[in-house]
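Colleague: One letter stands for each residue in the lines below.
2 protein chains.
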Amino acid sequence: MKAWIITIGDELLIGQTVDTNSAFIGAELSKAGFDIERKISIHDRRDDILQTFRGINPDVQLLICTGGLGPTSDDITKQTLCEVFDTRLVPDREVLTRVEEMMSRRGFPMNENNRLQAMVPENCRVIPNEMGTAPGMLFEKDAAMFIFMPGVPFEMKHMMTEHVIPILKERFNTQSIIHKNIMTYGAPEALLAEMLSAFESALPEELSLAYLPSSGVIKLRLTASGKDRGMLEKIIGEQVAKLYQKIPDLIYGEDEKPLEKVVGELLAERKQTLSTAESCTGGKIAQMLTSVVGSSAYFMGSVVAYDNSVKRKLLGVPGELLDKHGAVSEEVVTAMAEGVRRVTGTDYSVATSGIAGPDGGSPSKPVGTVWIAVSSDKGTVTEKYVYGSDRHQNILRSSNAALNLLRLQIIRK
Amino acid sequence: MKAWIITIGDELLIGQTVDTNSAFIGAELSKAGFDIERKISIHDRRDDILQTFRGINPDVQLLICTGGLGPTSDDITKQTLCEVFDTRLVPDREVLTRVEEMMSRRGFPMNENNRLQAMVPENCRVIPNEMGTAPGMLFEKDAAMFIFMPGVPFEMKHMMTEHVIPILKERFNTQSIIHKNIMTYGAPEALLAEMLSAFESALPEELSLAYLPSSGVIKLRLTASGKDRGMLEKIIGEQVAKLYQKIPDLIYGEDEKPLEKVVGELLAERKQTLSTAESCTGGKIAQMLTSVVGSSAYFMGSVVAYDNSVKRKLLGVPGELLDKHGAVSEEVVTAMAEGVRRVTGTDYSVATSGIAGPDGGSPSKPVGTVWIAVSSDKGTVTEKYVYGSDRHQNILRSSNAALNLLRLQIIRK
Numbered sequence: 006m007k008a009w010i011i012t013i014g015d016e017l018l019i020g021q022t023v024d025t026n027s028a029f030i031g032a033e034l035s036k037a038g039f040d041i042e043r044k045i046s047i048h049d050r051r052d053d054i055l056q057t058f059r060g061i062n063p064d065v066q067l068l069i070c071t072g073g074l075g076p077t078s079d080d081i082t083k084q085t086l087c088e089v090f091d092t093r094l095v096p097d098r099e100v101l102t103r104v105e106e107m108m109s110r111r112g113f114p115m116n117e118n119n120r121l122q123a124m125v126p127e128n129c130r131v132i133p134n135e136m137g138t139a140p141g142m143l144f145e146k147d148a149a150m151f152i153f154m155p156g157v158p159f160e161m162k163h164m165m166t167e168h169v170i171p172i173l174k175e176r177f178n179t180q181s182i183i184h185k186n187i188m189t190y191g192a193p194e195a196l197l198a199e200m201l202s203a204f205e206s207a208l209p210e211e212l213s214l215a216y217l218p219s220s221g222v223i224k225l226r227l228t229a230s231g232k233d234r235g236m237l238e239k240i241i242g243e244q245v246a247k248l249y250q251k252i253p254d255l256i257y258g259e260d261e262k263p264l265e266k267v268v269g270e271l272l273a274e275r276k277q278t279l280s281t282a283e284s285c286t287g288g289k290i291a292q293m294l295t296s297v298v299g300s301s302a303y304f305m306g307s308v309v310a311y312d313n314s315v316k317r318k319l320l321g322v323p324g325e326l327l328d329k330h331g332a333v334s335e336e337v338v339t340a341m342a343e344g345v346r347r348v349t350g351t352d353y354s355v356a357t358s359g360i361a362g363p364d365g366g367s368p369s370k371p372v373g374t375v376w377i378a379v380s381s382d383k384g385t386v387t388e389k390y391v392y393g394s395d396r397h398q399n400i401l402r403s404s405n406a407a408l409n410l411l412r413l414q415i416i417r418k
Numbered sequence: 006m007k008a009w010i011i012t013i014g015d016e017l018l019i020g021q022t023v024d025t026n027s028a029f030i031g032a033e034l035s036k037a038g039f040d041i042e043r044k045i046s047i048h049d050r051r052d053d054i055l056q057t058f059r060g061i062n063p064d065v066q067l068l069i070c071t072g073g074l075g076p077t078s079d080d081i082t083k084q085t086l087c088e089v090f091d092t093r094l095v096p097d098r099e100v101l102t103r104v105e106e107m108m109s110r111r112g113f114p115m116n117e118n119n120r121l122q123a124m125v126p127e128n129c130r131v132i133p134n135e136m137g138t139a140p141g142m143l144f145e146k147d148a149a150m151f152i153f154m155p156g157v158p159f160e161m162k163h164m165m166t167e168h169v170i171p172i173l174k175e176r177f178n179t180q181s182i183i184h185k186n187i188m189t190y191g192a193p194e195a196l197l198a199e200m201l202s203a204f205e206s207a208l209p210e211e212l213s214l215a216y217l218p219s220s221g222v223i224k225l226r227l228t229a230s231g232k233d234r235g236m237l238e239k240i241i242g243e244q245v246a247k248l249y250q251k252i253p254d255l256i257y258g259e260d261e262k263p264l265e266k267v268v269g270e271l272l273a274e275r276k277q278t279l280s281t282a283e284s285c286t287g288g289k290i291a292q293m294l295t296s297v298v299g300s301s302a303y304f305m306g307s308v309v310a311y312d313n314s315v316k317r318k319l320l321g322v323p324g325e326l327l328d329k330h331g332a333v334s335e336e337v338v339t340a341m342a343e344g345v346r347r348v349t350g351t352d353y354s355v356a357t358s359g360i361a362g363p364d365g366g367s368p369s370k371p372v373g374t375v376w377i378a379v380s381s382d383k384g385t386v387t388e389k390y391v392y393g394s395d396r397h398q399n400i401l402r403s404s405n406a407a408l409n410l411l412r413l414q415i416i417r418k
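Sequence order for the protein chains is W and D. So for the first sequence, our numbering puts the first residue at 6; every next one is plus one. So for the second sequence, our numbering puts the first residue at 6; every next one is plus one.
Quick caveat, the hints were computed from the structure, so don't treat them as lab data. Among the hints, erroneous ones may be present.
Since the list gives no way to pick out one identical chain from another, each pair is judged satisfied if it fits inside one copy or across any two copies.
In silico DMTMM-like links for lysine to aspartate or glutamate, alpha-carbon gap of 20 Å or less [what the hints assert, rightly or not]:
hint, residue 1, residue 2
1, Lys318, Glu343
2, Lys239, Glu210
3, Lys162, Asp364
4, Lys7, Asp52
5, Lys162, Asp395
6, Lys247, Glu259
7, Lys7, Glu325
8, Lys262, Glu33
9, Lys146, Glu88
10, Lys83, Glu194
Predicted, not measured: the structure shown is a model, and the values here were computed from it.
Let's have the full structure, built from the sequences with the hints guiding it.
Modeller: Now the structure itself:
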């Protein structure tokens, strides 16, 4: 069952907007059993839209398209669709009512642009947009289904989950594709591949393995495809069990789970609490932890001690330590972790201090040098890393390293 | 001058990885004067790679491709390229030396996978990869140039900036495309479009306008294309001046600049300092501020006061206020802002307290209710917002709202 995803918008091509929509749609379609054969981004231009629709492979049964449905005049998709599906725009009373309600709730007046959004192609099925003003649309042509959604990510996501997926499940009888992700931390890609080379060559033919690295975390993705879903689940389960035997120390979780979520679950199970004291990560660890729903049960708070005065005043780091060893040192990161644990009264604390870059390094402490500490009643442990010169990568890698060190301390006997 | 971007990898199609590479490449090519006509993501499969290369429009002069060059066996691009460009893989001594050096610096042993990375198609020009082990490759065929880069984002970005862009500038004589972005905050898209409808209809024919909304910020993008770069710059400058007259209160900056950067520049100019006290935003504002290079000059730190005990102990919020009004209240957010300013001694402070969701709301304080405060020697100002039920959106919108309120306070006379 082949599907294509098309995203429309100049901003995607000139790189002003990262296309997160197609990733979300791809994941949802994949779960529903579709083989996503291609993703294409094109301009908000009549000719490009028409050419792309004409170029769709004849065996594609589902086309999902986002973007180009907004209230502003740079969006010309709807008019072009009337050409493709040989129809015209007519007003839709239900959509109009919804737009009117939404604008009044937000306290803004209705205007001509809002009224244009309630115009839809005559022969389409309207898909409601509960999160915004632009309606979704569904067409059937030849043996394929065409679905159009707005490009605003949270509007599209809601429409996809609440309306489109149920429609697809009803309409298509899909063959099974199962993915299983095993999350690892601690070995770089080539080394991990070497450790797993015998495992990989011995995989059953229904299975394939991919390595997906991201800021220190490497996701191993096993994919199984075939007719018999139960059989595929059994085969994939056997291989996952083998992986746990091969690399038990490197696996920290499954199924796309980020480290912050695994750590949160461990703390919640144990009814324990956490605080962070962040210098070079600048609040990133707190932000990752609090992105998890329910984190207020175990995460008490953080002191982002960017300036040394904050390290002294709020964390009680002694001035002499800062003078003698510098902020980026084992001594200071230890004092930060112990300090934040003391003032917040948490079971665990994490601290970071490093040189995120791109400037500020020295021969003895180059850019990318990072100290990490985790403190608990099991004691305080530290680690030193030397990353590269990319500020963003250094912040992300340090945050993942800190969360993994915390994880190891929590599960330590 | 038409260009296509192709990204290879199953993970992109099934949505496990968001394709940020093509956005970066699109932005760089656009700046260099290319018209990016299409972006395509395909599987790491021989047939799909071959079909896509055969389907490239004949007038495309540049094809840039990323992914499928890693050390693991799920990457088959290099072998397939030998078919496309009718050649074979041969070892490259320079690449091998680079890989050996890199592995030894990181303290990992060389293995067979690393050695495979030093194999390159015989008739390609090797593009060095200073950030990783997989080399880039350049082919010329008919009138078009084909460039292949690894898929790891920071490796690709370095290769693109340091090597590919200089090569393209030398090889192509590009026509000019100029983008100018005007960043706004404070009016939703349809209202902004209404305010600008006369402006938009009066635009010169070389220009087009697009609206790109993201978590409360709306970017207005003016695009000019033509032969005479100087003329285009003049025309676009005139229209930007008009925009500043039309919506002076809504414009906060230009050129993709996020609010955290604008705020940072304002503080740096004035040699003033900032701290934050975050409840519902959970460190997001600190993380945004510290993502900016040089932020240590003005950002002193943050107290992420997720739990009420931290609000009391570290920010001095009186227990009676919390009991009487609840954490999500004007009184508490005011005390948080004033408290963090007192303990850090900064010129400005920002505080947030709200219900990020998806749970935890009540009839009088629904999910999405957020109080924001900014404190300085000009006094403390507050704002209340009621967003929706999406946790991630609520955190982002609150953070942007807080940064904009801070901006308005800094520039207030």
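Colleague: Now tell me if each hint is right for this structure.
Modeller: We went through each hint and held it up to the structure:
1. Lys318 / Glu343: both (14 Å within a copy, 16 Å between copies)
2. Lys239 / Glu210: within (14 Å within a copy, 62 Å between copies)
3. Lys162 / Asp364: So Lys162 and Asp364 pass the 20 Å test across copies only (19 Å; inside, 40 Å).
4. Lys7 / Asp52: Answer is between: at 15 Å across copies they meet the 20 Å cutoff, but 25 Å inside does not.
5. Lys162 / Asp395: Classified as between; 11 Å across copies, 32 Å inside a copy.
6. Lys247 / Glu259: Intra 14 Å, inter 54 Å, cutoff 20 Å: intra-copy only.
7. Lys7 / Glu325: Intra 66 Å, inter 61 Å, cutoff 20 Å: neither.
8. Lys262 / Glu33: within (16 Å within a copy, 32 Å between copies)
9. Lys146 / Glu88: within (13 Å within a copy, 37 Å between copies)
10. Lys83 / Glu194: Between. Shortest inter-copy distance 18 Å satisfies the 20 Å Cα cut-off; intra-copy 45 Å does not.
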